[in-house]
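K.L.:
Protein sequence lines, in the order shown, are assigned to chains A and B. The letter at position 14 of the first sequence is residue 14 when you use the working numbering, and the numbering goes up by one with no holes. The letter at position 590 of the second sequence is residue 590 when you use the working numbering, and the numbering goes up by one with no holes.
Do not rely on the hints blindly, as some may be mistaken.
When the alpha-carbon atoms are kept at most 30 angstroms apart in a straight line, the in silico DSSO-like pairs for lysine-lysine are as follows [unchecked claim]: (1) A:K303 - B:K121; (2) B:K317 - A:K97; (3) A:K200 - B:K317; (4) A:K278 - B:K633; (5) B:K56 - A:K97; (6) A:K278 - A:K265; (7) A:K29 - B:K121; (8) A:K154 - A:K221; (9) A:K221 - B:K633; (10) A:K231 - A:K97; (11) B:K633 - A:K154; (12) B:K27 - B:K587; (13) A:K92 - A:K135; (14) A:K286 - A:K57.
In short, the hints are calculated from the structure, not lab data.
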Amino acid sequence: MQNRRYSLLIATVMSLTVSTGLAAAETAKFQGTVRIPVYNVPDSDFIDYSFGQMLEKAGYRVEFVKIDYTAHFTALEFGDVDLSPAVWGTSKDLIDKTLASGSVKNSGSLGVQTRESWWYPNYVGDLCPGLPDWKALKDPACIKALTTPNSDGKINYLGTPPDFAAYDDERIKALDLQVHITLPGTVGTMVATMQGAIQKKEPIIGWGMTPHWLYGSGQGKFVEFPLFDDKCPTDPSWGVNPNEVWDCALSTGEIVKLYNSEFAKKAPELLRILTNFKLTSDDVAKGISRQDIDGAPPEQAAKEWIDAHKEVWAKWLQ
Amino acid sequence: MASVMTGADDASGRAPTAQAWISERRKVWLWAAVAVLVLGYVARGVLPESLYVWPKAYRFPLQTVANDWLDQLLRRTVIFDAPLRMWTRSFGEILGVPMRFIQSALANGWSLMGSGGTSTKIPPIPWIAVSMIFASAAWYVAGLRLGLFTVATFFYYAAFGLWNEAMLTLASVSVTIVLGVVLGLIAGIALWRWPRIEVVVNPLFDIMQTIPPFSYLVPVLVLFGFGPVAALVATMIFALPPMAKATAYALRRVPASVLELSDMTGANFWQQQSKILISTARTDILLGLNQLVMMSLAMVILASMIGAGGLGGEVLKALQSLRFGRGLEAGLAITFMAIQLYNFGHAFATRRPSHDKAAQNWKRRTVALGMVAFAIVLALIIPDFRQVPASWTISTSDIWSHAIVWLNGNLGWFFEAFRANTTFWVLRPLLGTLQGIGWAPAALAIGLACFAMGRPQIALLSTLIIVAISIIGYWEPALITLHLVLAGTLVSLIIGVPLGMWAASSRHVYRVADAVVTTLQTLPSFVYLIPIVMLLGPGDVSGVLAIAIYAMATTIRYVSHALKEVDPGVLEAADMFGATPGQAFFKVRLPLAWPGLLLALNQTLMMAVGMVVITSLIGTRGLELETIEAIAKVQPGRSLVAGLAICAVAILIDRLLTAAAVSCSPSKSRTHRGTA
Numbered sequence: 001m002q003n004r005r006y007s008l009l010i011a012t013v014m015s016l017t018v019s020t021g022l023a024a025a026e027t028a029k030f031q032g033t034v035r036i037p038v039y040n041v042p043d044s045d046f047i048d049y050s051f052g053q054m055l056e057k058a059g060y061r062v063e064f065v066k067i068d069y070t071a072h073f074t075a076l077e078f079g080d081v082d083l084s085p086a087v088w089g090t091s092k093d094l095i096d097k098t099l100a101s102g103s104v105k106n107s108g109s110l111g112v113q114t115r116e117s118w119w120y121p122n123y124v125g126d127l128c129p130g131l132p133d134w135k136a137l138k139d140p141a142c143i144k145a146l147t148t149p150n151s152d153g154k155i156n157y158l159g160t161p162p163d164f165a166a167y168d169d170e171r172i173k174a175l176d177l178q179v180h181i182t183l184p185g186t187v188g189t190m191v192a193t194m195q196g197a198i199q200k201k202e203p204i205i206g207w208g209m210t211p212h213w214l215y216g217s218g219q220g221k222f223v224e225f226p227l228f229d230d231k232c233p234t235d236p237s238w239g240v241n242p243n244e245v246w247d248c249a250l251s252t253g254e255i256v257k258l259y260n261s262e263f264a265k266k267a268p269e270l271l272r273i274l275t276n277f278k279l280t281s282d283d284v285a286k287g288i289s290r291q292d293i294d295g296a297p298p299e300q301a302a303k304e305w306i307d308a309h310k311e312v313w314a315k316w317l318q
Numbered sequence: 001m002a003s004v005m006t007g008a009d010d011a012s013g014r015a016p017t018a019q020a021w022i023s024e025r026r027k028v029w030l031w032a033a034v035a036v037l038v039l040g041y042v043a044r045g046v047l048p049e050s051l052y053v054w055p056k057a058y059r060f061p062l063q064t065v066a067n068d069w070l071d072q073l074l075r076r077t078v079i080f081d082a083p084l085r086m087w088t089r090s091f092g093e094i095l096g097v098p099m100r101f102i103q104s105a106l107a108n109g110w111s112l113m114g115s116g117g118t119s120t121k122i123p124p125i126p127w128i129a130v131s132m133i134f135a136s137a138a139w140y141v142a143g144l145r146l147g148l149f150t151v152a153t154f155f156y157y158a159a160f161g162l163w164n165e166a167m168l169t170l171a172s173v174s175v176t177i178v179l180g181v182v183l184g185l186i187a188g189i190a191l192w193r194w195p196r197i198e199v200v201v202n203p204l205f206d207i208m209q210t211i212p213p214f215s216y217l218v219p220v221l222v223l224f225g226f227g228p229v230a231a232l233v234a235t236m237i238f239a240l241p242p243m244a245k246a247t248a249y250a251l252r253r254v255p256a257s258v259l260e261l262s263d264m265t266g267a268n269f270w271q272q273q274s275k276i277l278i279s280t281a282r283t284d285i286l287l288g289l290n291q292l293v294m295m296s297l298a299m300v301i302l303a304s305m306i307g308a309g310g311l312g313g314e315v316l317k318a319l320q321s322l323r324f325g326r327g328l329e330a331g332l333a334i335t336f337m338a339i340q341l342y343n344f345g346h347a348f349a350t351r352r353p354s355h356d357k358a359a360q361n362w363k364r365r366t367v368a369l370g371m372v373a374f375a376i377v378l379a380l381i382i383p384d385f386r387q388v389p390a391s392w393t394i395s396t397s398d399i400w401s402h403a404i405v406w407l408n409g410n411l412g413w414f415f416e417a418f419r420a421n422t423t424f425w426v427l428r429p430l431l432g433t434l435q436g437i438g439w440a441p442a443a444l445a446i447g448l449a450c451f452a453m454g455r456p457q458i459a460l461l462s463t464l465i466i467v468a469i470s471i472i473g474y475w476e477p478a479l480i481t482l483h484l485v486l487a488g489t490l491v492s493l494i495i496g497v498p499l500g501m502w503a504a505s506s507r508h509v510y511r512v513a514d515a516v517v518t519t520l521q522t523l524p525s526f527v528y529l530i531p532i533v534m535l536l537g538p539g540d541v542s543g544v545l546a547i548a549i550y551a552m553a554t555t556i557r558y559v560s561h562a563l564k565e566v567d568p569g570v571l572e573a574a575d576m577f578g579a580t581p582g583q584a585f586f587k588v589r590l591p592l593a594w595p596g597l598l599l600a601l602n603q604t605l606m607m608a609v610g611m612v613v614i615t616s617l618i619g620t621r622g623l624e625l626e627t628i629e630a631i632a633k634v635q636p637g638r639s640l641v642a643g644l645a646i647c648a649v650a651i652l653i654d655r656l657l658t659a660a661a662v663s664c665s666p667s668k669s670r671t672h673r674g675t676a
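Bound-form chain B, shown alone:
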């Protein structure tokens, strides 16, 4: 919340356009908010302590209530004479059928039990054939470049001994994506048809996107059993909202004339949805698909904890046994898979039906089928092409472990000093300041700041969130989480903003930066944890650094986007009036890009919250620790409550910054931009 205050402050100081709208009265609110914070901090000894820490005697034990409630729901709820979990599990069985089939075809094979204990095994499809099928499909749909990339990707899996893992992940992720597209489209259409359900659905989506997966691990396990289906459900919770939001957003942008056309041509409901609406809104929906693919692959690691196995399990194992090389190899495999799947899906969705090139199409099809047939023949003749032989695999593990030993030996003093200095000069003072403020002054100040922005509903919401977190006794751990998030965001901004500005300055740099950012975003965050913890040791500094690296990609992307979006006409005008480059940047470009920059800050903070939930695996202690620790103490309800508290913090930050971005918008004409 401190950053919100300074953000609003800077806006009034630096941007003359923004200053215009802040009426004198609103300025008073803002100064009152600052005064409350400062007074609250200074007067801690004088004011009653219960304004700072909620008195223990008046705490509401929501955690215990949630434990009992979950126990009741999961273990004792009976619907039509069958326990609840039987219903959910039968439903899960249906979902599991296609997934198990693909898994058997690609990785496991089938084993059939005959009578009398004889078992026959049908092997999975040979690896060379799988590679060729996917490559041919990619070539047929998207062209030579993706075809070659696909071949390279599949050979990478084989070469690094990740074939089976990659196939398991590919099977579960492809089912997840197909299901996610279907459910996302349905939810998106529903949101578009009946905008009123947004009141319920949008907060639900926010919760689904920000709740740490650990906190719903036990309920999902009980309801869906252990295995790929449970993992599918957990992934869906996380990955569905962006797809649904993007669909609804895209449909809203469909011009009214298109709808009129569909009415005039007499299309029925399904024709209208599938033929006209979806294809008109395709480009925007594809953004949702992109997010769906990225998020499904981001979840594979946590999904491996409840039975998805595959590449995610390899990365997790690498973290647990501190083998960075292995983690990086498996992590890159996930990145390549994400890029391949997204481009394939993109090409498939934007494919144009061509009528005049039938002969050419036929030729392409023949070549594609010929390649597959050739691969199958190859596999039939040479056994090495059926299962990847162990002697063909390579590993870079040794190089990486040598590199880390070398770094520790030669630069150990530097890491030690970095850690100590960051702890002393950044983290401890930050946490101390936050802890000094207390819940009551914080709630009051944020409420006042919201009034300054003219948003009484958000004032009410944020006050409620802070009071609720204090009542259930999570104020202190929430502050620990918040200080990690803020420090991580700060580091990310210090490095990411200049890089983003640089990327916005030229097209070539932008293109390179975009590629790097995409790779960073799809590389599973667990992979960064390994070298960080090996070099810096466990603790808050490592957590902050991991958060910063993870969030930085988003900072760079949004900052460069915001600066590029500034109308070039205005910049030319500034140039004509004789502004120096510095003036043009600080007096024209920056103020105009300000709402976009606030959005960048918002998204960076959201990413930081997303990352903080796993930093407890390298030793941070806040609400994120609570979500895991509670499971070990058999209190799944407590874990869920802690997870929801993290959601609440994230939602609070998001609402405040969105409100700030709207009120800083130079001509107020820029409407609320959404945060999907």
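If we strip away everything but chain A, and leave its shape as in the complex, we get:
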């Protein structure tokens, strides 16, 4: 009985989708191919594939374009991809520059708050009790507790991949921290290295971001730096160090959805769907963990979300 009711529900939803699809086809439905970038980053790929697969269910033709994250901003500006539903607000420089070109617009937040900053596992908090306040990192006892044989007598810090624009060098200089940076090269290595350190209970501080299955879990906390201010990156006199910029955290932000404005003129109904598209932090964290922990491809993680949330996205398509 339960089963039957369930399949009935699916049938209703399916017919609803099909009918909305048909209805859209009767009006001016966009006939071309929607090009959505994917960049081999678990969080964004999950979001990109979810959005794209939803469009496919609605009968659009979608092409997933594999591209580098930083390069995709250029592609968006010149109309080589049409829309990008998973841009981290923390890559502020790239977003600002792309929006300033005039040919890219922002269709608002995905509804997911992001945070990117220095992160430490809970046992590190015991080694350095002043945390999460960043001033604790200047305490000699704390520095000593956070060194490893490889860190040259300084705090062992795991930085970001080169395309992150984290401004760590500037921040370390401005706040005068004794830090030895190890760079991970890729996000995959960054997460794997942090996980390895946690297993071995090594003293470590590293870059972290939420939503994420590791950094967003209860296993650790973010370091509290002075809050971001628009003046911080440009005006040296702002903040604790009157002579340097970046004496603050990265701006916290949201995942935003960008689109090429020429494309939006051709496909106004797709812009509406993009504006409607919203996810929760839990959705995204689960999507990442399916890939990082269970080894599922991002298409699969997205398909599971699409299959489980038919009632949610059916509304966006109307």
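Please build the complex by placing chain B on the supplied structure of chain A, with the hints as guidance.
P.N.:
Chain B in isolation, oriented as in the chain A frame:
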């Protein structure tokens, strides 16, 4: 530069023949260079600091200038009322037509949009038919061995679930190679006809070959859009120079009598080029083709970042998600493709027209066509032969990930110790020494060393390069890059030189070594990065190891070549005079092979520079990091400048070592050997 000094030093110490030519005056120059370096290092506290680090206030902000200039060029330049990028993109569209056609035929299929939203899909050629077409062609042109190898290669793609990726790569690489051959021949002929343009073209080629692809990513994207055409252009920048250089070199070796013959027979310009010159110089040009194929396939990974997709994308994804097995499978697919394409091209180019075997040829053709027809029929009947079914594919991923977990669990202490010791005893002291020298003493010492070798132009060039790098504030990151390159080269030499010597000792070993070296050279370097970073963690040690592994193939090849090239007559003579094997080796063979060994060092260093540009993906920080970081901070000009700084370092090393090789040449009769 430290290695240059010791290299020249050793030459005077070990080789009596080399000693003869260094006149007393030149020796003084050399000692002066050493003295400057030592004094510069010791007297850091006494001398003004601005001789070591260029004062900030006097820096020239070339990076900002380049940003503005690029912005102007890419976004605001208008030619005949259309922006520059419209012109380049229309040109790119033309290039894209054949590529898109082949991609559709092999992998994507066509989808035609009818009126009213109905779409019909024409599927791509069935996989069994594609395999048979390529295998038959290989068999027809090159014989049974390559035919069987081709079948195995294509079945490999299918079995490991890489079919679509492999077909995309095959499409883009074959168009790249055809275009590269055409452009390379044209450029080579031009270089040969008008040798004067070498002054401009040769440095340009050097830059094209050494500039890290990351640093021209954004300009190529803007000008050619995102997709296979942009990837084609980026690949061409990297892969064209060897082909052009090899062509020019080959044409120069064509005997004058052949040219006279062509004049006498009254051949017109095109006949002369295509029928006579190219076919006479064919063997040497084929070396260029070899390089073109290897380099095009080496670029597929970076090309996948700007839209080429295919196997390169798979390897990149494997690195980003640390799946070594997948990376290795896709990487080997690239290797097999390189070997297949090169051998096919080689056989096609050296094919001799045969007149008397028409009947046999007809028979071969019938068999080949019959095989293809059979495959098509098979595909029509059984759907599994149209698209590779998922259930047929296998993967070795699990085995590899278990192996790495096991290694980490059981030998983790060893990797940890290796990493710590290498950092403490090799990398930190090396970097410290380099940083202690400072730009001014370094420039002066290298200049003096060039005078010692009698090359004032190179003295000027190297001094200029060092000063320029310091002025734009890249001295420190350049040293970080250099220390990685030097350490990587050192490891590569420590392991590669004995192996190369061993390979030179017997023919059987040489043949095995050659096969291993070829595989290592075509396996995309990204594949090594994965296990290294998984076992050693990110950082400089991993970077150095990756550089060493990548460069080692070249070391082995050049060292064994240099030792084998020594005139056997001389060795026999040494034997007759009663030299022990040790004496024969150290007193005769080594000194005679010395210029060749310096060439080996030079090529190893060049390979190391080529690899260092991607080690920032496993956490090194020098100029190579700057090229990527700058893009993320929306400063493509800065990225370009950092890339050019890496080129400058590479060119500096190359010129110094080539000069050293020439001046160490025992009888000075061996002329400059070129570095193509």
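K.L.:
Each hint: holds or not?
P.N.:
How the hints compare with the structure:
no. : hint            : in the structure
1   : A:K303 - B:K121 : holds, 24 angstroms
2   : B:K317 - A:K97  : holds, 28 angstroms
3   : A:K200 - B:K317 : holds, 27 angstroms
4   : A:K278 - B:K633 : holds, 28 angstroms
5   : B:K56 - A:K97   : holds, 28 angstroms
6   : A:K278 - A:K265 : holds, 22 angstroms
7   : A:K29 - B:K121  : holds, 20 angstroms
8   : A:K154 - A:K221 : holds, 21 angstroms
9   : A:K221 - B:K633 : holds, 27 angstroms
10  : A:K231 - A:K97  : holds, 17 angstroms
11  : B:K633 - A:K154 : holds, 27 angstroms
12  : B:K27 - B:K587  : holds, 22 angstroms
13  : A:K92 - A:K135  : holds, 26 angstroms
14  : A:K286 - A:K57  : holds, 22 angstroms
No hint from the list above goes unmet by this structure.
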